[in-house]
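Novice: Letter by letter, the chains look like this.
Protein chains: 2
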Amino acid sequence: MSTLNALFQPKAIAVVGASGDPSRIGGRPIAYCQRFGFQGTIYPVNPTRDTVQGLPAYPDIDSLPGEADLFVLAIPAAQVPDALRKAAGKGAQVAIVFSSGFGEIGEAGQALQDEMDRVVEETGVRVLGPNALGAFSNASGIAPTFTTFLEEVKPDQGNLAIVSQSGAYGAHIAMLACKRGIGLNHFVATGNESDISVADCIRHFATDPTVGVIACYSEGIKNGRAFLEALLAARAAGKPVVIIKVGRSAIGQQAAQSHTASVAGDDVVFDAAVRFGGAELVHNTQAFIDLLYTLSRRPPLGGRRLGVLTMSGGAGVLMADAAADHGLELTPLPEDARNWLDERIPFGSAANPVDTTAQAVNDMSLVRDALRVMLERGGHDAVASFFMNWPDNPSIGPALKEAIAEGIAGFDDRTVAIAINAGDAVKRDFDAAGMLVFDDPSFAVDALAASARIGERLREPAPRLQPLNASGKQRSLAALDEAETAALMQQAGVSMTPLEVAADAEAAVAAADKLGYPVALKILSPDILHKSDVGGIALNLPDADALRRAASQVLDAVAKHSPDANLRGLLVAPMAADGTDLILGGRIDPVFGPVVVCGLGGVFVELFNDVAIEIAPVTEERALAMLRRLKAWPVLEGARGRTPADVSAAAAAIAAFSRFIADNADGLSQAEINPLRVLPQGQGVVGLDSLILAGEGEA
Amino acid sequence: MSTLNALFQPKAIAVVGASGDPSRIGGRPIAYCQRFGFQGTIYPVNPTRDTVQGLPAYPDIDSLPGEADLFVLAIPAAQVPDALRKAAGKGAQVAIVFSSGFGEIGEAGQALQDEMDRVVEETGVRVLGPNALGAFSNASGIAPTFTTFLEEVKPDQGNLAIVSQSGAYGAHIAMLACKRGIGLNHFVATGNESDISVADCIRHFATDPTVGVIACYSEGIKNGRAFLEALLAARAAGKPVVIIKVGRSAIGQQAAQSHTASVAGDDVVFDAAVRFGGAELVHNTQAFIDLLYTLSRRPPLGGRRLGVLTMSGGAGVLMADAAADHGLELTPLPEDARNWLDERIPFGSAANPVDTTAQAVNDMSLVRDALRVMLERGGHDAVASFFMNWPDNPSIGPALKEAIAEGIAGFDDRTVAIAINAGDAVKRDFDAAGMLVFDDPSFAVDALAASARIGERLREPAPRLQPLNASGKQRSLAALDEAETAALMQQAGVSMTPLEVAADAEAAVAAADKLGYPVALKILSPDILHKSDVGGIALNLPDADALRRAASQVLDAVAKHSPDANLRGLLVAPMAADGTDLILGGRIDPVFGPVVVCGLGGVFVELFNDVAIEIAPVTEERALAMLRRLKAWPVLEGARGRTPADVSAAAAAIAAFSRFIADNADGLSQAEINPLRVLPQGQGVVGLDSLILAGEGEA
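Chains R and E supply the protein sequences, listed in that same order.
All the letters of the first sequence, read from the start, carry residue numbers 3 to 701 under our numbering.
All the letters of the second sequence, read from the start, carry residue numbers 3 to 701 under our numbering.
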């Protein structure tokens with residue numbers, strides 16, 4: 003059983019710093035819990051009053067006549083650690099700390115937060131906060147929070163759970179959700195996250211049978227691995243997670259850091275984490291609410307086949323454009339169904355979009371029949387439609403609603419979305435008749451497309467989160483030279499070009515005789531990361547003479563440009579056959595741990611930022627998906643008469659490289675194979691150069 | 003004076019097919035005109051009634067006691083041509099044809115529409131329609147339309163003019179605009195556009211002093227040049243034009259043999275046309291309305307400097323992200339202003355975004371002072387802010403409104419936008435206090451960014467629309483071979499590689515001796531467009547022997563693969579120096595006329611669709627801007643140690659090529675220089691191959 007049960011389903015709640023004024027921070031939780039019908043006991047703690055909001059009050063925690071599994075602390079920050087200790091003695095499982103004046107105000111506050119952390123460790127009490135707006139659980143009838151949004155709306159019961167790192171924005175989202183008619187089950191704002199994090203809450207929601215859809219607002223994740231595990235738990239439970247993440251841009255990240263003092267992390271890695279966990283990212287509030295609404299009403303779409311029904315050709319094209327933007331398929335109706343529709347609606351269109359024309363105003367059965375034939379014969383996973391302001395028209399609206407309801411009856415496995423321009427009451431009315439209701443036709447299509455993506459992701463096999471440093475074979479990765487690095491990569495399963503280490507020019511010639519000309523010559527030093535910058539490399543040497551000359555040039559150039567470098571000799575390698583060059587990179591993200599990146603060398607990475615990034619390790623299948631995601635994929639695939647490259651060998655190499663990264667997460671900060679030359683199909687790959695930078699502990 | 007004055011500002015309106023029922027198609031215009039206070043005369047024409055809606059009615063047009071400059075025809079299609087003729091005799095300047103049953107129903111209707119067109123030509127009466135929803139002009143108090151939206155809203159007076167090719171969608175937009183509180187001046191739906199087009203209306207609005215902002219919904223433009231002229235007229239008048247265009251995804255696959263032309267699909271040309279005209283494209287209804295609202299309230303922004311003010315850090319970051327997406331600059335406040343703010347708001351943030359924290363709820367002067375210091379000292383062109391649901395709170399809302407109004411007082415040259423979650427009345431109230439009001443903070447930033455883009459465009463010098471075929475030097479472009487094509491390009495001002503035509507191998511050797519080795523050898527035939535596909539090309543020939551061998555191979559291969567081709571001999575050219583290859587393409591778009599496209603050769607065009615397209619001709623300056631717009635621009639510029647390419651020579655070549663296209667618009671369908679090799683800076687460019695496909699009349 004989740005240790006957060008006491009937060010969302012407590013037996014008894016003690017409010018320390020309870021106020022008789024239901025609009026005060028210490029008064030709201032009591033007023034709300036009474037209003038939402040909490041069936042357990044509420045213990046107000048107030049040193050100066052006998053009763054608080056009609057309930058018997060107690061002067062201090064020690065005086066409580068019974069235990070409370072949930073404590074709310076609305077007291078000055080300095081008193082929090084002591085109160086936590088006392089709460090632990092009175093059965094506290096979870097404490098919500100409203101108080102501010104901790105980490106968010108700087109050093110002095112951080113000391114207090116550290117002290118609180120120690121109490122948490124000693125007592126095992128879990129803390130939400132400090133500086134937290136609190137929580138709300140509709141089914142439990144509790145609202146240990148001082149948010150004002152519950153004064154304005156009374157949320158319907160439902161399957162949505164919201165967890166937010168921002169109290170203000172979280173409450174805004176919750177209120178918009180309620181106004182949209184989305185049933186809200188849980189709302190929790192995590193504040194400073196000294197203990198309970200967004201990840202903990204998502205993990206709890208994954209196991210909570212009353213939760214169907216999870217919404218998350220994040221400004222930056224502290225424990226990335228816990229976050230990944232939480233997403234995987236929700237994914238395994240088949241529950242969509244929709245995330246809005248602020249701080250995507252550099253300026254936004256700066257602002258986020260000054261706001262929460264949290265490390266925002268690399269946003270590209272965040273995207274990879276979300277993809278790994280099968281969640282969906284949105285970038286604005288409207289898309290967030292539209293998608294939560296869609297998922298709270300209907301399961302994710304079973305496929306990408308969209309039907310568009312319209313009574314104005316223009317709006318149909320607008321929706322078709324939006325569908326194309328998202329890769330939804332406007333599958334056509336079978337011919338007999340089209341013929342049938344053509345007869346029903348002579349001047350309309352039976353293609354997809356189906357256009358009833360304004361004729362439907364006079365004969366609503368056209369709408370009913372068009373919808374029915376689309377669902378029955380078109381096999382559309384969803385139908386999107388646009389009815390302008392007709393629903394608001396008293397002489398048209400009710401008939402339209404009836405016609406749609408009749409048309410979609412019996413197709414509960416499909417989703418029918420309409421966009422209308424109407425008042426709230428009318429919108430709710432149409433929604434209640436079984437269709438999804440949106441304000442904007444483009445946004446309706448956006449939400450359906452997101453639902454289709456989520457559906458696809460939840461049907462895919464989920465990746466496993468591999469334990470780190472699992473091989474048990476870690477060795478020190480400090481100060482490796484290229485020969486050692488290449489040997490490690492080869493050992494890890496990446497085919498590397500043969501390298502010979504030579505002490506001097508003559509040894510290099512002997513090595514080249516063995517390898518065969520032409521050869522490449524490189525300086526060997528753990529201190530020289532960019533060999534070409536210091537003249538430490540010579541390529542395409544055709545014979546021994548050229549090799550001797552190159553050796554002397556390379557040694558001179560290095561002596562001049564890197565006089566202090568620790569030199570370990572010369573490296574000789576055969577020139578590789580022609581192929582397509584990939585760049586593989588791996589690093590240990592401070593938040594999410596090992597990640598692997600790949601892209602095509604040259605302009606692709608440099609100018610088009612055409613890279614794929616994933617949480618490491620990846621399977622060969624996932625590695626191949628990374629390659630396919632590249633815009634440059636056709637180059638590998640052999641478009642336009644090019645030779646197809648050995649992409650399965652490349653995928654195997656990426657997978658092996660990514661395992662190496664994950665197996666050595668503690669020992670390295672970065673690793674790179676650049677280039678990994680992908681030879682023509684069937685001929686494999688060969689790594690031509692590689693680099694490992696040790697982790698901080700190894701430097 | 004615009005010939006459309008009678009449409010928007012008639013002296014008298016005759017309604018033919020007038021109905022006594024104000025909800026009928028022939029009744030609504032009369033009812034609306036009375037309701038909106040039209041000061042001129044209304045003549046109902048009805049064969050069976052003496053009065054219609056309280057006005058004296060006339061049995062037919064001939065019986066009208068006076069002239070009417072605007073006629074509304076709500077009669078069966080077959081009667082329209084005759085009615086038009088009679089209307090011409092009664093002073094008609096413009097006739098609105100509501101009737102359907104013309105071109106939109108197929109051949110029979112088209113015949114009727116053609117007949118109507120002849121009457122238009124004979125009489126000079128301008129026609130809106132047929133199949134048109136009609137028009138509305140608020141200042142004139144006229145509504146010759148059967149739209150229903152005017153039953154639901156009474157538009158405020160204002161500076162917005164809407165022209166739409168779709169009646170239904172246009173009316174939807176008009177209603178949303180009115181509900182948003184945007185003052186609506188003109189609304190016109192153009193129907194089949196047999197005569198009056200969207201372009202005609204935009205052109206009229208450009209000269210109409212009561213119009214400030216023009217909104218256009220388009221499903222496809224028929225006369226592209228008139229549309230471009232109309233956009234330029236609006237641009238010259240400093241009036242923003244906002245366009246929503248549907249059918250973006252319906253990529254018209256025209257018979258495009260050459261590569262660049264196929265990349266530049268129809269909708270890309272539309273984008274180029276909009277850019278040429280300085281207008282702004284939007285892709286969904288929400289963005290359309292948000293931007294029209296912004297522009298109807300405030301002039302386009304003077305620059306890209308955005309200040310963000312927030313009371314919740316999270317929302318500030320969200321807006322900062324949206325701003326970064328659009329390239330707005332979150333310029334910081336000067337240090338003294340930051341220090342001052344830091345003292346005022348100890349736990350807030352004086353960086354941009356400025357965060358007052360929820361402290362502002364208790365002390366609204368913080369909002370006032372923060373706004374004032376941002377506008378006064380930050381130099382922001384606009385400030386965006388987010389106040390959640392506070393305005394709806396009766397104890398906070400009025401004070402907040404007051405604080406904002408005080409903060410922005412005296413900064414009429416700036417734009418302050420707030421996002422709030424509030425009821426309509428409250429939103430209007432805040433709007434009336436001088437700020438722009440949005441529902442969603444991201445959308446507020448989107449609209450400000452669009453306003454900034456429009457402002458920049460209107461401040462730029464406008465391009466001129468060059469007359470076509472203006473050189474007077476057109477010659478037949480049919481069946482040109484490469485040597486002739488290259489000579490034409492050279493003559494047009496593009497430096498082309500020297501070419502020698504040789505009758506046989508020995509003549510080729512003589513030519514090569516003159517040019518210097520190595521050389522390229524190509525088959526010369528107007529019938530072979532893709533020489534390499536038929537083995538008709540050999541490169542890098544080092545000497546006479548190689549050239550002889552190549553000549554025999556080329557001739558054999560061509561004889562085998564293109565036995566019927568008209569051969570004109572062999573072409574010899576020197577091999578060009580290394581450089582960066584551009585592809586230049588030009589074609590005559592059936593709608594917008596000559597366009598020019600450029601991109602970097604190879605993967606850039608193929609995989610990344612990295613091309614720039616413009617209406618031809620372009621100036622050198624505009625050509626350089628095209629190159630700078632390419633994602634591959636850094637390759638030309640010399641990023642990462644590459645040699646900078648001669649981009650000014652490339653721009654000059656693009657400009658010259660584009661003039662050639664425009665000067666020969668009647669004679670060609672496509673032309674291409676591929677590759678145009680751009681040599682290192684100072685060394686110019688050289689076209690290595692070129693192609694002209696004659697226009698239909700020339701084939």
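A couple of the hints might just be wrong.
Repeated chains share a single entry, so a pair holds when one copy, or any two copies, can fit it.
[As the list claims (entries may be wrong)] Heads up, simulated EDC-like pairs for lysine to aspartate or glutamate below, C-alpha to C-alpha not over 16 Å straight-line:
1) K88 - D547
2) K156 - E404
3) K516 - E345
4) K181 - E608
5) K181 - E154
6) K562 - E109
7) K533 - D483
8) K633 - D116
9) K633 - E608
10) K181 - D394
11) K516 - D558
12) K516 - E502
Since the hints were derived computationally from the structure, they do not count as laboratory data.
Novice: Please write out, lowest number first, the hints stated earlier that are contradicted by the structure.
Specialist: 1, 2, 3, 4, 6, 8 and 11
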